[in-house]
Amino acid sequence: MTRTFFVSSALIALVLFGIAFGNQIVESSATPTRFHNSMPLIDIADTNTVLLPNRSPLVSFRILFMTGSAFDPKGKEGLASLTASMLAEGGSRAKTYAQITDAMYPMATSFQWQVDKEMTVFSGTTHLDNLEKYYSLIREMLLEPGFREDDFKRLKEQAVNYLKNSLRGGNDEELGKEVLYTMIYPATHPYGHQNVGAVGALERMTLKDVRDFYQANYTQANLVIGLAGGYPEGFPKTVEADFAKLPKGKPTTAKFVFPRQALGTKIEIVQRETRSTAISLGFPITVTRADRDWPALAVIASYFGQHRSSNSYLYQRLREARGLNYGDYAYVEYFPRGMFQFQPDPNLGRRLQIFQIWIRPVEPQNGHFALRAALYEYDRLMRDGMSKEVFESTREFLSKYANVLIATQDAQLGYALDSRYYHLADFPTYMREQLAKLTLDDVNRAIKQYLKSDSMRIAIVTKDASGLRDAIINNRPSPITYNSPKAKEITDEDKIIETYKIVVKPTDVAIVLVEKVFE
Amino acid sequence: MDLIPTHGGYRNLKSFQVAQVVYDLTVRFCDRYIEKRSRKESIMIKLLIIALVILSLPMLTLAQKSRQAFAYDYTIDDLPNGLRLVTVPTDYPNLVALYIVVQTGSRNEPEKGKSGYAHLFEHLMFRGSEHYTGQERDEVLKKAGADSNAYTTDDRTVYHEVFSKDDLDRILELEADRFQHLKYSPDGYKTETKAVLGEFNKNSANPEEKLFEVLRATAYQRHTYSHTTMGFIEDIEDMPNQYEYSLQFYSRYYRPEYTTIVLVGDVKRDDALAMTKKYFGAWKRGTYVPEIPGETEQKEPRENHVDWPSETLPLIYVAFRGPAYSDYKKDKAALDLVAPLAFGENSDLYQKLVLQEQKVEELSYSFDDHVDPELFYVSAKVKDLKDVDYVRQQILDTYKRFSNEAVPQAKLDSTRSRLRYEFALSMNSSEAIASSLANYIGLRRTPLTIDKLFALYDTITPNDIRDTAHRYFVDSHRTIVTLNTKKEVAK
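Chains as they are written, first to last, in the working numbering: chain A, 88 to 606; chain B, 10 to 500.
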């Protein structure tokens with residue numbers, strides 16, 4: 088036996104080791120793990136870090152800044168959103184955006200951003216193998232932004248095109264929902280403009296505006312760090328230390344006055360060349376997730392119109408019984424992009440919310456009928472409340488469904504950050520406990536207390552705006568015809584609905600050309 | 010050292026470092042304490058080698074396992090009637106994801122005037138069955154806190170629910186009833202066809218949906234991929250008159266041999282199998298096999314255009330005929346790698362058109378796994394109408410370039426890495442695992458195909474990529490469609 092043989096044999100053994108573990112770099116990722124610690128370790132008063140450690144091979148980041156479009160300076164609507172996009176979709180000081188995408192590419196990672204009224208969140212998940220590389224990229228992006236002219240030009244155009252083309256030209260449903268919000272919050276209110284901004288304001292915006300907004304809002308005072316997954320011990324401390332380089336700052340504050348609505352119904356009909364008619368209606372409510380009565384309202388909204396579920400009253404009446412459209416839902420919290428997803432995104436915390444009904448596009452000849460049907464059913468909810476039976480089943484649904492909402496560690500982290508914002512225990516525990524305590528009386532009292540119909544706001548997107556306006560203000564009957572016989576119960580009800588009175592002054596039914604929306 | 014791939018990064022591995030330390034220590038020990046060429050040295054060396062080899066053997070098994078892209082243990086059980094059950098226990102607590110995959114999609118609609126029925130069925134399956142009305146079914150699901158829905162693609166229809174594990178038995182019973190004894194009245198049927206029209210209407214506000222419809226209809230002339238999952242609008246409008254046909258469709262395809270039940274989460278195989286036998290055991294095997302017409306040879310490039318009635322950015326889709334899904338032929342795997350290399354976010358073309366010149370708002374590609382040959386297409390949302398021709402040429406040049414030049418090895422390796430991490434990152438809940446699996450179950454009825462596919466990716470060389478691109482990206486197999494705001498509307 089020679090030394091050479093020894094060395095080569097040992098090398099073969101090493102190679103075997105190498106093969107064995109070499110592959111594990113990537114593939115071990117899918118090793119399932121038990122999330123043994125999903126209780127957030129938070130102390131609202133003392134720390135700006137929310138940690139959800141577990142044994143997952145994935146690490147999720149949610150870096151939250153308590154700022155958003157409510158803090159856009161006057162005349163600079165869309166600045167918060169543009170600034171966030173410059174951080175997440177622009178270069179850092181050291182790297183161009185092209186270099187960043189290049190670095191992210193083999194890791195299959197990305198860095199997402201979301202701007203709402205009061206929250207701006209940056210999120211991403213990486214495999215533990217790439218934690219260091221990924222973190223150093225996003226750290227640079229957030230702490231040492233490049234603020235380059237060419238990124239600015241591209242992202243500003245992207246924002247303008249989103250408003251002009253995606254929203255106005257390609258998604259009637261989201262358009263209707265967003266118009267509803269602008270009807271409820273006046274332009275002077277911090278919530279009074281679309282999160283992405285207004286076309287005119289965006290076109291005037293400069294790179295200096297972005298720098299200034301970043302300077303003032305991306306501060307330690309506004310920062311909450313969220314981490315979940317199998318990150319190494321000590322990693323949170325590193326992140327905290329890095330982000331301590333942000334200026335101390337003061338928490339962004341603004342007056343969020345409840346948007347009291349003038350009495351009476353108001354309708355805005357957006358005129359657009361389209362096959363169908365999209366309807367959204369609602370009014371502001373004084374309750375948020377932080378309030379005692381929120382679980383009661385959550386039960387009401389779920390019963391009346393659980394998002395994208397056939398398991399809801401409105402859906403059963405409008406779609407299942409009548410085939411009016413694709414679906415009909417109700418909400419007590421802001422839920423953007425609902426046509427693309429089944430569960431809401433976290434980190435859309437707001438101090439002010441609205442109650443909203445979403446009627447998905449109907450055939451234009453049924454637009455008036457569908458609106459009447461929605462109002463009729465809503466009035467019935469207010470009048471009759473919920474029965475014991477549906478209360479029990481909805482409550483059971485929601486207490487279990489909370490687990491579905493937090494099925495991924497990223498969602499758990501998002502909900503934990505929201506719970507911190509609303510000063511609650513972790514979400515499923517909170518829901519389970521509160522729902523267990525809830526009674527039918529609580530829910531029916533909440534219906535009486537919070538659901539109103541004396542100041543309903545209605546947004547409609549349709550082609551023949553003036554025809555629809557005419558029909559509405561003259562309360563013209565809107566009989567519906569079906570392609571198949573319907574049960575007597577339905578046709579009897581239809582007779583009531585087709586002449587169901589919408590009390591609205593002609594001056595309160597406005598027509599808006601689609602080109603003028605979010606200008 | 011050729012045995013170890015240079016790109017393996019093996020020197021960073023713990024195992025390598027440990028082995029190196031063991032090796033170094035042994036050599037030093039021998040050098041210091043053992044006489045050269047003595048028997049002792051020989052024994053030491055032999056012992057060391059034996060130890061290392063023994064240590065390595067279980068790791069090889071581990072390697073075998075960790076080579077698998079789908080790294081979960083699973084079981085496959087076939088019932089005598091042809092129904093298949095795939096069970097994947099995970100450690101995510103409390104929840105179970107149930108995906109029932111029917112290998113029927115809009116591909117299975119070859120009869121004229123009958124497009125859109127696979128998708129219509131996705132709706133009808135919620136309208137009640139022999140032992141449960143739609144409402145009773147909803148109540149059971151509601152009490153289970155279930156998230157329940159369904160979707161249809163070209164090749165499959167998938168019914169899925171996520172719920173608390175305690176409700177599994179009840180929900181399987183419910184599912185078995187609608188799969189074997191669906192019951193809907195002619196009136197209920199007609200009402201549902203209106204909901205389908207409503208879905209078409211909501212989609213129709215989107216120019217991208219429209220252009221995709223036109224791309225399909227232009228590129229395919231015989232094959233059923235010529236229509237989208239929704240179906241042709243004239244067929245949707247005729248659906249209310251086709252109750253009898255709908256019954257026939259159900260009887261053809263809602264059969265055990267077309268169906269696979271996938272259970273992922275807090276679930277045990279034995280329980281799942283017993284329940285499946287109990288509720289689905291009596292389901293009768295069918296006999297129907299559709300004749301899907303093959304697509305004719307395309308002899309020259311095709312083009313089409315859409316005038317859009319409202320404001321939009323101009324769109325252009327540039328497509329070539331691609332191959333069907335395969336886990337053993339290299340074509341599909343090679344083109345899967347071409348797609349991000351040539352048109353992904355860090356491709357030269359993307360950087361040029363989107364980041365530097367900023368003439369394009371969005372650039373993306375599509376080449377999904379399909380049962381039959383599918384289009385490979387690139388789509389661009391152009392900022393200015395006057396740049397559409399330029400963008401078109403840039404896209405065509407890129408196709409050409411990848412057909413003529415081999416990509417650098419490093420780029421290919423980082424793309425492979427991306428595909429693997431992408432898959433790993435998508436496995437972040439029981440539902441996500443089931444949802445990823447559904448695609449492959451629809452194609453091959455087994456998770457094994459995932460491992461084969463990823464193994465195939467590892468064998469692709471830069472030359473394979475160039476040669477495959479060269480064969481597929483030929484002018485006579487090209488279809489280009491465009492869309493922009495019609496002149497009267499454009500300002």
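FYI, nobody ran anything at the bench for these hints, they're computed from the structure.
A few of these clues could be false.
Said to hold, decoys possible - Restraint-style ranges between C-beta atoms, simulated for each label pair:
#1 A:S553 with B:P119: 43 to 49 angstroms
#2 B:S375 with A:I577: 38 to 44 angstroms
#3 B:D467 with A:N570: 36 to 42 angstroms
#4 B:S194 with A:S553: 55 to 61 angstroms
Claimed, not checked - Simulated pairs of lysine to aspartate or glutamate, EDC-like, Cα-Cα distance not exceeding 20 angstroms:
#5 A:K603 with B:E320
#6 B:K368 with B:D357
#7 B:K496 with A:E360
#8 B:K152 with A:E483
#9 B:K495 with A:E360
#10 B:K277 with B:D473
#11 B:K339 with B:D396
#12 B:K174 with A:E483
#13 B:K495 with A:E602
#14 B:K361 with A:D471
#15 B:K174 with B:D244
#16 B:K361 with A:D551
#17 B:K368 with A:D551
#18 B:K368 with A:E236
#19 A:K573 with B:D100
#20 A:K182 with B:D357
#21 A:K240 with B:E366
#22 B:K219 with A:E360
#23 A:K588 with A:D466
#24 A:K588 with A:D471
#25 B:K368 with A:E244
#26 A:K251 with B:E217
#27 A:K524 with A:D513
#28 A:K220 with B:D377
#29 A:K251 with B:E371
#30 A:K573 with A:D557
#31 B:K152 with A:E476
#32 A:K353 with A:D551
#33 A:K240 with B:D396
#34 A:K251 with B:D100
#35 B:K339 with B:D244
To be verified - Cβ-to-Cβ under 10 angstroms is the rule here; a few derived chain B residues that face chain A:
#36 A106
#37 R136
#38 R146
#39 L150
#40 D156
Where a beta carbon is used, it is the ideal one built from N, C-alpha and C, also for glycine.
Hints and how they fare:
1. Between S553 (chain A) and P119 (chain B), the C-beta spacing of about 45 angstroms keeps the proposed range 43 to 49 angstroms intact.
2. About 42 angstroms separates the C-beta atoms of S375 (chain B) and I577 (chain A), a value consistent with the hinted range of 38 to 44 angstroms.
3. D467 (chain B) and N570 (chain A) have their C-beta atoms about 55 angstroms apart, which leaves the hinted 36 to 42 angstroms range violated.
4. Range check, S194 (chain B) to S553 (chain A): Cβ separation about 40 angstroms, and the 55 to 61 angstroms hint is violated.
5. With a CA separation close to 12 angstroms, the supplied pair K603 (chain A) and E320 (chain B) stays within the 20 angstroms bound.
6. Proposed proximity of K368 (chain B) and D357 (chain B) is supported: the alpha carbons are some 14 angstroms apart, at most 20 angstroms.
7. Distance restraint check for K496 (chain B) and E360 (chain A): the Cα-Cα separation of roughly 14 angstroms lies within the 20 angstroms cut-off, and the hinted pair is therefore satisfied.
8. At roughly 6 angstroms between alpha-carbon atoms, K152 (chain B) and E483 (chain A) fall within 20 angstroms of each other, so this suggested pair holds.
9. Among the hinted pairs, K495 (chain B) with E360 (chain A) is consistent with the structure: their alpha-carbon atoms are about 12 angstroms apart, no more than 20 angstroms.
10. For the proposed pair K277 (chain B) and D473 (chain B), the alpha carbon gap of about 43 angstroms is over 20 angstroms, so the pair is violated.
11. Simply put, K339 (chain B) and D396 (chain B) have alpha-carbon atoms about 36 angstroms apart, too far for the 20 angstroms limit, and the pair is violated.
12. For the hint linking K174 (chain B) to E483 (chain A), the alpha-carbon distance of about 15 angstroms falls within 20 angstroms, and the restraint holds.
13. With a C-alpha separation of about 16 angstroms, the suggested pairing of K495 (chain B) with E602 (chain A) holds against the 20 angstroms cut-off.
14. As the CA atoms of K361 (chain B) and D471 (chain A) are separated by approximately 61 angstroms, the hinted pair breaks the 20 angstroms bound.
15. Taken as a hint, the K174 (chain B) and D244 (chain B) pair is broken in the structure, with Cα atoms around 41 angstroms apart against an allowance of 20 angstroms.
16. Restraint check for K361 (chain B) and D551 (chain A): not satisfied, since their Cα atoms lie roughly 43 angstroms apart, outside the 20 angstroms limit.
17. Restraint check: the Cα-Cα separation between K368 (chain B) and D551 (chain A) comes to about 35 angstroms, which exceeds 20 angstroms; the hinted pair is violated.
18. Restraint check for K368 (chain B) and E236 (chain A): the C-alpha separation of about 16 angstroms stays at or below 20 angstroms, so the hint holds.
19. Taking the CA atoms of K573 (chain A) and D100 (chain B), the gap is about 48 angstroms. The hint is violated against a cut of 20 angstroms.
20. Between the alpha carbons of K182 (chain A) and D357 (chain B) the distance comes to roughly 17 angstroms, so the proposed pair stays at or under 20 angstroms and holds.
21. For the hint pairing K240 (chain A) with E366 (chain B), the CA-to-CA distance comes to about 11 angstroms; that is within 20 angstroms, so the pair holds.
22. Restraint check for K219 (chain B) and E360 (chain A): satisfied, since their Cα atoms lie roughly 15 angstroms apart, inside the 20 angstroms limit.
23. With a CA separation close to 12 angstroms, the supplied pair K588 (chain A) and D466 (chain A) stays within the 20 angstroms bound.
24. Taken as a hint, the K588 (chain A) and D471 (chain A) pair is honoured in the structure, with Cα atoms around 19 angstroms apart against an allowance of 20 angstroms.
25. Restraint check for K368 (chain B) and E244 (chain A): the C-alpha separation of about 11 angstroms stays at or below 20 angstroms, so the hint holds.
26. Between K251 (chain A) and E217 (chain B) the CA atoms are separated by roughly 15 angstroms; this keeps the pair inside 20 angstroms, and the hint holds.
27. Note on K524 (chain A) and D513 (chain A): the hinted pairing holds, with a Cα-Cα distance of about 17 angstroms set against a maximum of 20 angstroms.
28. Among the hinted pairs, K220 (chain A) with D377 (chain B) is inconsistent with the structure: their alpha-carbon atoms are about 30 angstroms apart, more than 20 angstroms.
29. Taken as a hint, the K251 (chain A) and E371 (chain B) pair is honoured in the structure, with Cα atoms around 15 angstroms apart against an allowance of 20 angstroms.
30. At most 20 angstroms may separate the alpha-carbon atoms for a hinted pair to count; K573 (chain A) and D557 (chain A) exceed this at roughly 29 angstroms.
31. Between the alpha carbons of K152 (chain B) and E476 (chain A) the distance comes to roughly 11 angstroms, so the proposed pair stays at or under 20 angstroms and holds.
32. Pair hint K353 (chain A) plus D551 (chain A) holds up; C-alpha atoms about 18 angstroms apart against a cutoff of 20 angstroms.
33. For the hint pairing K240 (chain A) with D396 (chain B), the CA-to-CA distance comes to about 18 angstroms; that is within 20 angstroms, so the pair holds.
34. Between K251 (chain A) and D100 (chain B), the direct Cα distance comes to roughly 46 angstroms. Violation of the 20 angstroms bound is thereby established for this hinted pair.
35. Proximity of K339 (chain B) to D244 (chain B) is assessed by CA-CA distance (about 38 angstroms); at most 20 angstroms being required, the pair is judged violated.
36. For A106 (chain B), the interface hint holds, since its Cβ comes within 10 angstroms of a Cβ in chain A; the closest pair sits about 9 angstroms apart.
37. With 10 angstroms as the threshold, the beta carbon of R136 (chain B) comes within range of chain A, its nearest partner Cβ sitting at about 8 angstroms, so the hint holds.
38. Checking R146 (chain B) against chain A: minimum C-beta separation of about 9 angstroms stays under 10 angstroms; hint holds.
39. Proximity of L150 (chain B) to chain A holds as hinted, the smallest CB-CB distance being about 6 angstroms (cut-off 10 angstroms).
40. With a cut of 10 angstroms, the hint placing D156 (chain B) at the interface with chain A holds, because the nearest CB-to-CB distance is about 5 angstroms.
Comparing the model with each earlier hint shows violations of hints 3, 4, 10, 11, 14, 15, 16, 17, 19, 28, 30, 34 and 35; every other hint is respected.
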